[in-house]
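Asker: These protein sequence lines are chains A and B, in that order.
According to the UniProt record's numbering, the first sequence is numbered sequentially starting from 1.
According to the UniProt record's numbering, the second sequence is numbered sequentially starting from 1.
Hints listed in this document are in silico derivations from the structure and should not be mistaken for laboratory results.
From the three backbone atoms N, C-alpha and C, an ideal C-beta is built for every residue, glycine too.
Be careful, since some hints might not be right.
Computed from the model, here is a short list of chain B residues facing chain A with C-beta under 7 Å [unchecked claim]:
(1) Asp-148
(2) Pro-320
(3) Leu-325
(4) Glu-331
(5) Asp-344
(6) Gly-349
(7) Gln-353
Covered by chain A, according to a simulated footprint, are these stretches of chain B (three or more residues, beta-carbon under 8 Å) [said to hold, decoys possible]:
(8) 230-244
(9) 332-342
Not close to chain A: a few residues of chain B, all C-beta gaps over 12 Å, as computed [claimed, not checked]:
(10) Gly-13
(11) Ala-61
(12) Glu-149
(13) Arg-313
(14) Gly-327
(15) Glu-397
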Amino acid sequence: MTTDGPVGAPQKEADETAAETAPAEKPEERGEDSFLSHFLQNLWAANTVTVTVLSVVLALVIGAVLIIVSDPAVLKTFEYLTARPSDALTASWDLVSTAYGDLFKGAIVDPATVTAWANGTGGWRPVFAPISETLTYAAPLVFTGLSVALAFRGGLFNIGGQGQAVVGTITAAMAGFLLPLPPVIHLIAALLAGLLGGALWGFVPGILKARTGAHEVIVTIMLNYTANLFLSWLILQKGIQQPGRSDAISKTVDSSAQLPSFGGEVRANLGIILAVLATAGVAWLLNRSAFGFELRAVGHNPAASRTAGISVARTYTMLMVVAGGLAGLGGATQVLGTAHALTTQVAGNIGFDGLLVALLGRNRPWGTLLAAILFGALRAGGNRMQSFSGISLELVTVLQALIVIFIAAPALVKATFHLRAARSARLGASMAKGW
Amino acid sequence: MANDHIDLTVEPGEVHALLGENGAGKSTLMNQLYGLLQPDEGEIVVDGQVRTFRSPRDAIAAGIGMVHQHFMLVPVFTVAENIALGAEKVRAGFLDRRRARREVLEVSERYGLPVDPDALIENLPVGAQQRVEIIKALTRDVDLLILDEPTAVLTPQETEELLGVMRGLSDAGKSIVFITHKLKEVKAIADRITVIRRGRTVATASPDTAEEELAALMVGRAVSLEVDKAPAEPGREVLTVSGLMVDDDRGVRAVDNVDLTVHAGEVLGIAGVQGNGQTELVEAIMGLRRPAAGSIRVDNEDLTGMSTKQILRSGIGYVPEDRSLDGVVKEFTVAENLVLDQYDRPPYGNAFQLDPGAVAASARERVEQFDIRTSSPDATVSTLSGGNQQKVVVARELSRPLRLFVAAQPTRGVDVGSIEFIHRRIIHEREVGTAVLVVSSELDEVVGLADRIAVMYRGRILAIVPPDTPREELGLLMAGITESRPGAGATEPATEEGTK
Numbered sequence: 001m002t003t004d005g006p007v008g009a010p011q012k013e014a015d016e017t018a019a020e021t022a023p024a025e026k027p028e029e030r031g032e033d034s035f036l037s038h039f040l041q042n043l044w045a046a047n048t049v050t051v052t053v054l055s056v057v058l059a060l061v062i063g064a065v066l067i068i069v070s071d072p073a074v075l076k077t078f079e080y081l082t083a084r085p086s087d088a089l090t091a092s093w094d095l096v097s098t099a100y101g102d103l104f105k106g107a108i109v110d111p112a113t114v115t116a117w118a119n120g121t122g123g124w125r126p127v128f129a130p131i132s133e134t135l136t137y138a139a140p141l142v143f144t145g146l147s148v149a150l151a152f153r154g155g156l157f158n159i160g161g162q163g164q165a166v167v168g169t170i171t172a173a174m175a176g177f178l179l180p181l182p183p184v185i186h187l188i189a190a191l192l193a194g195l196l197g198g199a200l201w202g203f204v205p206g207i208l209k210a211r212t213g214a215h216e217v218i219v220t221i222m223l224n225y226t227a228n229l230f231l232s233w234l235i236l237q238k239g240i241q242q243p244g245r246s247d248a249i250s251k252t253v254d255s256s257a258q259l260p261s262f263g264g265e266v267r268a269n270l271g272i273i274l275a276v277l278a279t280a281g282v283a284w285l286l287n288r289s290a291f292g293f294e295l296r297a298v299g300h301n302p303a304a305s306r307t308a309g310i311s312v313a314r315t316y317t318m319l320m321v322v323a324g325g326l327a328g329l330g331g332a333t334q335v336l337g338t339a340h341a342l343t344t345q346v347a348g349n350i351g352f353d354g355l356l357v358a359l360l361g362r363n364r365p366w367g368t369l370l371a372a373i374l375f376g377a378l379r380a381g382g383n384r385m386q387s388f389s390g391i392s393l394e395l396v397t398v399l400q401a402l403i404v405i406f407i408a409a410p411a412l413v414k415a416t417f418h419l420r421a422a423r424s425a426r427l428g429a430s431m432a433k434g435w
Numbered sequence: 001m002a003n004d005h006i007d008l009t010v011e012p013g014e015v016h017a018l019l020g021e022n023g024a025g026k027s028t029l030m031n032q033l034y035g036l037l038q039p040d041e042g043e044i045v046v047d048g049q050v051r052t053f054r055s056p057r058d059a060i061a062a063g064i065g066m067v068h069q070h071f072m073l074v075p076v077f078t079v080a081e082n083i084a085l086g087a088e089k090v091r092a093g094f095l096d097r098r099r100a101r102r103e104v105l106e107v108s109e110r111y112g113l114p115v116d117p118d119a120l121i122e123n124l125p126v127g128a129q130q131r132v133e134i135i136k137a138l139t140r141d142v143d144l145l146i147l148d149e150p151t152a153v154l155t156p157q158e159t160e161e162l163l164g165v166m167r168g169l170s171d172a173g174k175s176i177v178f179i180t181h182k183l184k185e186v187k188a189i190a191d192r193i194t195v196i197r198r199g200r201t202v203a204t205a206s207p208d209t210a211e212e213e214l215a216a217l218m219v220g221r222a223v224s225l226e227v228d229k230a231p232a233e234p235g236r237e238v239l240t241v242s243g244l245m246v247d248d249d250r251g252v253r254a255v256d257n258v259d260l261t262v263h264a265g266e267v268l269g270i271a272g273v274q275g276n277g278q279t280e281l282v283e284a285i286m287g288l289r290r291p292a293a294g295s296i297r298v299d300n301e302d303l304t305g306m307s308t309k310q311i312l313r314s315g316i317g318y319v320p321e322d323r324s325l326d327g328v329v330k331e332f333t334v335a336e337n338l339v340l341d342q343y344d345r346p347p348y349g350n351a352f353q354l355d356p357g358a359v360a361a362s363a364r365e366r367v368e369q370f371d372i373r374t375s376s377p378d379a380t381v382s383t384l385s386g387g388n389q390q391k392v393v394v395a396r397e398l399s400r401p402l403r404l405f406v407a408a409q410p411t412r413g414v415d416v417g418s419i420e421f422i423h424r425r426i427i428h429e430r431e432v433g434t435a436v437l438v439v440s441s442e443l444d445e446v447v448g449l450a451d452r453i454a455v456m457y458r459g460r461i462l463a464i465v466p467p468d469t470p471r472e473e474l475g476l477l478m479a480g481i482t483e484s485r486p487g488a489g490a491t492e493p494a495t496e497e498g499t500k
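Okay, chain A solo, but in the shape it has when bound (with noise of 0.2 Å):
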């Protein structure tokens, strides 16, 4: 039992409880406990939530240490830490809860404004405007994150994400600024060139290595940069580029292509209704379809795949298809929901946090959705607290590091928390065999 640390603490004072009543009450309160004492064992054991959790907190305490050892006031208190050690420590504390105070109604809510809306001083938008924001920065993250996830239970390791959100983003643009159509038709279009683009983008990949054994990897990097570097190009070109214009900037997506959003400071659009579409839509994929068995057995065992007629060339294009296609999709979303008009970085980092929200969700669609949405929570968070506590955007990217890095490494959670071994538990198998 864990009793040299203070995360211990709430199992042993549940067992304490639990020894201290037992024997006083009737025997069937017995039961309770023990089912009680059952649910906080397997919560403490090292299974994949239990994890998942640890390393988002142990990631926000170093994330802590990080804020007050970068503030050179608070630390300046601590050179006369021995003598009032109060001033330090008090310093601290109102910085680092500054901060994460500041994260959490970036992302999630502010208590003022409701008080306001309650009030009737302030309107409902200003309520759900931390929750869209986080939800209109995980949209995108959704997509490229099932392109990962998915690809990855087939066996491949698609590292072009970000090249193929990159040729949606162009696509869809194209397709939202050059075509005139009527305004439903219109967007649906869009969104199906940007699923086309990105497709198009995973097929080379797939069928290269389905071919000729080209490894995925390589080729995914590869057509990063050729990504990238076309949309560079193609925003200067005439009929592309904003007229008036001199910077890298592309015309602007009829309103008849963009993502319908709540309007004002409700920004969420229907991209994150469509991600929830999407993930629903590979969760049927992967578990109950034709192809999604193919993938899944190709991805465990090719050669036991080729011996049962699963033709495994014909999978891993597929599957490069359908990748690449969402991906686009996430790039189309991007795009057609905030961005608007094409720059050389509209596509931000989609692609890349797309691997790691991939990974942070072992793969699955939903644990996918929901690590778009915390990554997307702590972006719309950090914004906050850049403006309002001063501290930099810099520090969410190291909190998404040190999170993936936590999660890649479970034996270290296990460690600092002392959990037990879960039976369940495959953890850090789930990228580690990638190559």
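Knowing the structure of chain A, use the given hints to seat chain B on it.
Answerer: Positioned in the frame of chain A, the structure of chain B alone reads:
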């Protein structure tokens, strides 16, 4: 627990057989003796002294050597280099090759183990590689030699020879622990037999114990070692292979002008030492390997050029020889593995989606019908024993009407109890009129199952003989020796192996 309070005593100069099914704990026990694993409890006493082995180095120092089932040799090194490896004698900073050669020749002569010290390992036949392993152990001055399933890879002749070598070693005062599950060999060579079942010693027997009794001790119940079957009633020609040429992965001709026919209601057995083209022949039939020339017809329909899926769908069942690589997806559940080649067909599903209900229902039925020991149809196959994994493959392939059933090494790595079951299923398939092609490197299996035996050697069918052909004759054929055309005997140091 793989070993539960096992006691084992080996006397000097004794050949002690350790008999047990796969997974009984034989190898675990020996790995402790060889320092690869540490016991949780109990002690190892060598010549009256309690010893602890932290690594094989300690074990070797105490006079214990081991020849593993899978050889631990570097293929691109010569025999002498391999033997020097790990105990290199250095002179002036260079490996003393001359001394290594001399040592090899010395040991090889003293114990009658002919090898060429300058031959590259990769050019040696399996039997010779094994001799190298034994010499390697002997040059370390061991008193106790552990042989882990040494005969699994040998021809009958090579086995005979090995038994002779073992006899010679024991006469020279060396003790031998001989791990096996082959009863005939045990009876032929062992001075004493320890039977292990589920990690416990169940009996210590003398070699004159009846085979049936030993088998019963191993399995824990009476088993029939003979395959009961009525004489075959061959019907129409189902499989016709003619003029077939197939190359292996390196582009070397592996199947060389093979003609074969298998009739409905008969079992054709292909006997041969592994690596004589059987694998490539079967892969060509299943569309997994493109033939260089020749034709493969089933009921007069040409299979060459068809995909594996089309071939499987045309009523051909296939049990691949390497179960864990080609037979099952270990991470998949039993139910999923049972539909691995039928998942997109009614009733399990269609080209678009699966019907989990139908898959589960059929899985429950198969588990029952084929006696697959699993906690649930939803357990992953990796949790099953080798025998039960094989039953999953057999159940999958035999649960649809077949014209031809191709089974390669159907009982490799399978326990005695499951072997009996699988053999009965194969014969049952013959009874219902399926043409059956069995490839096996276990001569007993081929003789027991087949109605006709084709002996394959270096890609050719040397002869097709009835199953009551004397074993010596079959053994000679497997070694490539026919009366008219003596081939290269397996006993020669076959340095010309690769230059065919």
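Asker: Tell me the numbers of any earlier hints that the structure contravenes, in ascending order.
Answerer: As far as the earlier hints go, 1, 8, 13, 14 and 15 are violated by this structure, in ascending order.
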